[in-house]
Amino acid sequence: DQQVKQNSPSLSVQEGRISILNCDYTNSMFDYFLWYKKYPAEGPTFLISISSIKDKNEDGRFTVFLNKSAKHLSLHIVPSQPGDSAVYFCAASSGNAGNMLTFGGGTRLMVKP
Amino acid sequence: GAGVSQSPRYKVAKRGQDVALRCDPISGHVSLFWYQQALGQGPEFLTYFQNEAQLDKSGLPSDRFFAERPEGSVSTLKIQRTQQEDSAVYLCASSLDWTVYGYTFGSGTRLTVV
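Protein chains in written order, with our numbering: chain H, 1191 to 1303; chain V, 21 to 134.
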């Protein structure tokens, strides 16, 4: 039973446009969410996080939105750049589970020049 | 070093062979994690250390998997009697305050069991 799901395995966007990556979760105990970016043959790189007490967090071109009632979060990248092409993972944690992160299956983003 | 270092980068093991995967975390990072990533999937939690104490090993898939961090720095993940289903990328991560900085992952060890 997947507790964190990324239903779009891939997404293609034109350079300069907005990229929206989506993530759904089922465990209502999750209270902290993170997004990671992964290039081939490298480990995931932390991008941005959000606590469940917030509904939005912004860092430069990256914004994460959290909708607790819908158990849904999204990552917006504006404007998208070719260097953003990578696999993006969302991850979630609950205080009860300590420091363990539960990851989604990833979405491959391709930004076309 | 500046990042999390894992060795070897690639390991091919014959079925039934024992393997040991090494992780050098960022100096000063108290927390250390091991994750397993199968092809086309997200990382899955294996185990977590705080200093030398293994606080959570609920993700280890069988008793063939064993992890240690005896001095609170370098960690080793050992897999005994490897099976084909053990083929995956094994990721190590360390953290100072993961709620602020997230984990810092190493590049992983790709294990192929033949």
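Simulated from the structure, these hints should not be mistaken for lab results. In this text, all values refer to a predicted model and were calculated from it rather than measured experimentally. Any given hint could turn out to be false.
What the hints assert, rightly or not - Each computed EDC-like pair below joins lysine to aspartate or glutamate, with the alpha-carbon atoms no more than 20 Å apart:
no. : chain 1 : residue 1 : chain 2 : residue 2
1   : H       : 1227      : V       : 117
2   : V       : 34        : V       : 83
3   : V       : 34        : V       : 44
4   : H       : 1244      : H       : 1274
5   : H       : 1302      : H       : 1274
6   : H       : 1227      : V       : 83
7   : V       : 31        : H       : 1232
8   : V       : 98        : V       : 64
9   : H       : 1258      : H       : 1221
10  : V       : 98        : V       : 117
11  : H       : 1244      : V       : 117
12  : H       : 1195      : V       : 117
13  : H       : 1302      : H       : 1214
Hint by hint, here is what the structure shows:
Of the pairs offered as hints, the one joining residue 1227 of chain H and residue 117 of chain V holds, with about 19 Å between alpha carbons and a cut-off of 20 Å not exceeded. Using a Cα cut-off of 20 Å, the hinted pair residue 34 of chain V and residue 83 of chain V holds, with the two alpha carbons roughly 19 Å apart. With a C-alpha separation of about 25 Å, the suggested pairing of residue 34 of chain V with residue 44 of chain V is violated against the 20 Å cut-off. Distance check on the hinted pair: residue 1244 of chain H and residue 1274 of chain H sit about 25 Å apart at the alpha-carbon level, beyond 20 Å; violated.
A C-alpha spacing of about 10 Å is found between residue 1302 of chain H and residue 1274 of chain H, which places the hinted pair at or below 20 Å, so the restraint holds. Taking the CA atoms of residue 1227 of chain H and residue 83 of chain V, the gap is about 32 Å. The hint is violated against a cut of 20 Å. A hinted pair counts as satisfied when its Cα atoms are at most 20 Å apart, and residue 31 of chain V with residue 1232 of chain H qualifies at roughly 16 Å. For the given pair, residue 98 of chain V sits about 17 Å from residue 64 of chain V by alpha-carbon distance, which is consistent with the 20 Å threshold.
At most 20 Å may separate the alpha-carbon atoms for a hinted pair to count; residue 1258 of chain H and residue 1221 of chain H meet this at roughly 9 Å. The hinted pair formed by residue 98 of chain V and residue 117 of chain V fails the criterion: a straight-line CA distance of about 27 Å is larger than 20 Å. Our distance criterion of 20 Å between C-alpha atoms is met by residue 1244 of chain H and residue 117 of chain V, whose separation comes to about 19 Å. Note on residue 1195 of chain H and residue 117 of chain V: the hinted pairing is violated, with a Cα-Cα distance of about 25 Å set against a maximum of 20 Å.
Distance check on the hinted pair: residue 1302 of chain H and residue 1214 of chain H sit about 26 Å apart at the alpha-carbon level, beyond 20 Å; violated.
Hints 3, 4, 6, 10, 12 and 13 from the list above are not met by this structure, while the remaining hints are.
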